[in-house]
Amino acid sequence: MHIVVCLKQVVDPELPLRDFAIDPQTRRQVREGRPLVLSTYDENALEVALQVKDRTGARVTALALAPQATVGDQIRLALAMGADDAVVVDDPRGPDLLGAAKTPVLAAAIRRLGAVDLVLTGCESADWVERAVPPLLAEELGAACVTFVARVTVEDGRVVAHRQADEGYHVVEARLPAVLSVTSDEANRPRLPKVKDIVGAKRKPVQTWPVDALGVAVGDAGVDVLDVRVPERTTRCEFLEGEPAQQAEALALRLRDLKLL
Amino acid sequence: MANVLVIATVADGALSRSSLELVAGARTIAPAVGGGIDAALLAAEAADGAVEALHQHGVGVVHRVVHPLLATGQSDAYLAAAEACVRAASPAVVLVAADTVGREIGPRLAYRLGAALATEATGLEVADGTVVVHRQVYGGRAVATLAVRRTPAVVTVKPRALDAPAPAPTAGVVRDLPVQLADDALPTRVREIVREQAEVGLEDAQIVVSGGRGIGGPEGFKLLAELAQVLGGAVGSSRPPADAGWVPISWQIGQTGKTVRPLLYLAVGISGATQHVAGMAGARTIVAINKDPEAPIFGVAHLGIVGDYREVLPPLIAKVKALKGQ
Ligand SMILES: Cc1cc2nc3c(=O)[nH]c(=O)nc-3n(C[C@H](O)[C@H](O)[C@H](O)COP(=O)(O)OP(=O)(O)OC[C@H]3O[C@@H](n4cnc5c(N)ncnc54)[C@H](O)[C@@H]3O)c2cc1C
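Chains as they are written, first to last, in our numbering: chain P, 1 to 261; chain R, 1 to 326.
I should point out that these hints are in silico values taken from the structure, not numbers from a laboratory. Do not rely on the hints blindly, as some may be mistaken.
Below, in silico cross-link-like pairs of lysine-lysine (DSS-like), each with a Cα-Cα straight-line distance of 27 Å or less [unchecked claim]: (1) P/LYS259 <-> P/LYS53; (2) P/LYS53 <-> P/LYS194; (3) R/LYS291 <-> R/LYS321; (4) R/LYS222 <-> R/LYS324; (5) R/LYS321 <-> P/LYS259; (6) R/LYS222 <-> R/LYS291; (7) P/LYS204 <-> R/LYS324; (8) P/LYS259 <-> R/LYS222; (9) P/LYS53 <-> P/LYS204.
If you want a taste of the chain R side facing chain P, the calculated C-beta under 7 Å gives, among others [as the list claims (entries may be wrong)]: (10) THR188; (11) ARG213; (12) ILE249.
What follows is a list of derived Cβ distance ranges for each label pair [as the list claims (entries may be wrong)]: (13) P/GLU243 <-> R/LYS321: 48 to 58 Å; (14) R/GLU192 <-> P/GLU14: 48 to 58 Å; (15) R/LYS321 <-> P/ASP73: 52 to 62 Å; (16) R/GLY245 <-> P/GLU14: 41 to 51 Å; (17) P/GLY114 <-> R/ILE193: 50 to 60 Å; (18) R/ALA225 <-> P/VAL199: 25 to 35 Å; (19) R/LYS321 <-> P/GLU14: 50 to 60 Å; (20) R/GLY245 <-> P/PRO92: 35 to 45 Å.
In this text, a Cβ means the ideal position worked out from N, Cα and C, and glycines have one as well.
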């Protein structure tokens with residue numbers, strides 16, 4: 001069994017607001033001088049892959065589409081956590097491409113890896129939150145698709161996934177190959193690599209594939225990004241003062257005045 | 001003439017609220033796209049009430065696919081049915097709700113049609129004759145404006161981002177479309193459906209009491225549930241309590257979780273990270289209870305209480321009960 005986990009490198013989403021800026025040229029977040037991390041849910045996807053590996057002995061390949069010069073620490077974190085192989089598709093535009101544009105490139109890289117049974121991704125990227133890549137990849141690869149899954153088991157050539165749903169969750173069975181997008185829950189909290197694994201990962205090879213060598217053009221999302229801006233907030237908070245009981249009473253009275261009781 | 005087509009679904013026998021919101025979006029853009037509004041109604045039963053509701057709100061042709069597999073959250077069945085309707089209607093723009101099924105089938109539909117794709121819209125508009133989509137990016141810190149450059153286009157729209165439209169009755173027709181669907185021929189199958197919030201759905205509640213990491217554990221959520229009960233509302237959460245298993249994941253509000261627009265949103269022990277605010281900023285009145293006076297939640301709240309929720313909620317519950325005469 002071979003599992004590919006797609007990992008995206010993003011500016012740390014917890015970055016303080018004062019360090020957040022939009023580049024008017026690229027209409028994307030300024031990355032220079034900002035800490036880069038693995039996109040939040042991609043780490044959960046990696047953890048799910050490693051759990052399947054722990055149970056079945058599957059091989060796990062970490063795949064990133066990114067400028068090679070900046071992605072080193074993130075891809076090595078994946079190796080330290082337990083991925084067997086790492087591939088970087090080197091594309092300087094990587095971070096700025098829309099999901100529909102990058103999907104053909106990711107799919108070509110996955111095909112080049114040979115027979116792949118499962119492709120795992122985060123359920124959304126921490127930056128543009130398009131949620132488009134996993135379903136598009138499934139179509140492109142002719143694979144089954146289940147999005148927003150938290151728990152995964154593989155049995156008899158099928159994968160069984162808990163999909164987060166609007167009013168609870170669905171247990172969905174999919175045939176292989178399948179593309180799953182992963183959300184977080186208590187069962188897939190990313191493992192912390194041991195110091196010796198972090199050191200060991202530094203010596204492991206990372207394959208770099210120039211994007212041009214894949215023989216595909218980026219796709220066309222059919223939309224133009226006209227503008228990205230930070231909206232102004234105008235709310236002024238009115239604080240209710242006093243001891244807790246007085247604050248509580250003041251709030252209850254206000255709720256009554258607002259006809260909410 | 002190029003129409004806008006909304007993918008409509010049925011919830012508890014009636015037209016789903018998010019489908020109605022899509023009709024509102026369609027009404028905004030249809031004049032510029034050049035045509036009327038069609039719907040694809042995907043349902044397990046005839047759902048004549050839903051057809052009627054669509055006509056009542058300005059939808060002309062309803063392409064209806066009725067099949068038992070369209071009741072189960074079975075996205076592959078919905079995809080096949082939606083694709084058949086889109087091919088029959090050849091619309092310029094297809095609107096899909098970004099709910100459990102919609103966020104899977106929207107991009108897949110776009111792929112199959114070779115269509116332009118914009119996801120998770122929070123606003124639709126027409127500028128210079130072009131359909132323009134607004135969406136949140138960077139964890140709710142910024143808003144992006146996208147222009148749809150070609151048709152057909154598929155746009156997924158966040159539930160609760162658009163208001164339901166006022167009635168605008170039109171004489172419409174329904175066209176039944178036979179679609180062959182076989183459970184064992186589909187790549188996925190839903191084995192089980194587990195419901196976690198039976199009472200008022202979080203997204204429909206007029207009052208939401210939400211707890212964050214500051215609640216400290218599942219015990220504290222009992223206090224929130226008590227408050228929600230006396231207020232007649234639902235309980236929600238930020239991400240950490242859902243991640244930690246204190247509450248079901250389906251209670252999570254925010255970028256990854258649900259979008260809510262209640263009359264009253266009470267954020268208790270929630271710091272106010274942009275990813276959380278993205279899901280609740282549309283609430284009419286926002287009240288924050290937090291022991292840290294510097295918490296960013298006070299930047300979006302209308303009313304604030306600086307304090308420990310364990311000291312504030314019990315007298316609040318008592319006072320609300322007294323005022324309501326309970
Ligand atoms: C890609 C991505 C998607 C995300 N999606 C979501 C999402 O959908 N929803 C979401 O909520 N978050 C989401 N997040 C996480 C988000 O960035 C924050 O980490 C999260 O919202 C913080 O939750 P919190 O406010 O409950 O916890 P914290 O930030 O830890 O805040 C806890 C607050 O409780 C207060 N507190 C502590 N004890 C008490 C007490 N006794 N009484 C009163 N107040 C107290 C503290 O002062 C503090 O302000 C996402 C993050 C990423 C990167």
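**Request:** Determine which of the earlier numbered hints do not hold for this structure and return their numbers in increasing order.
**Result:** Those not satisfied are hints 1, 7, 11, 13, 14, 16, 17, 18, 19.
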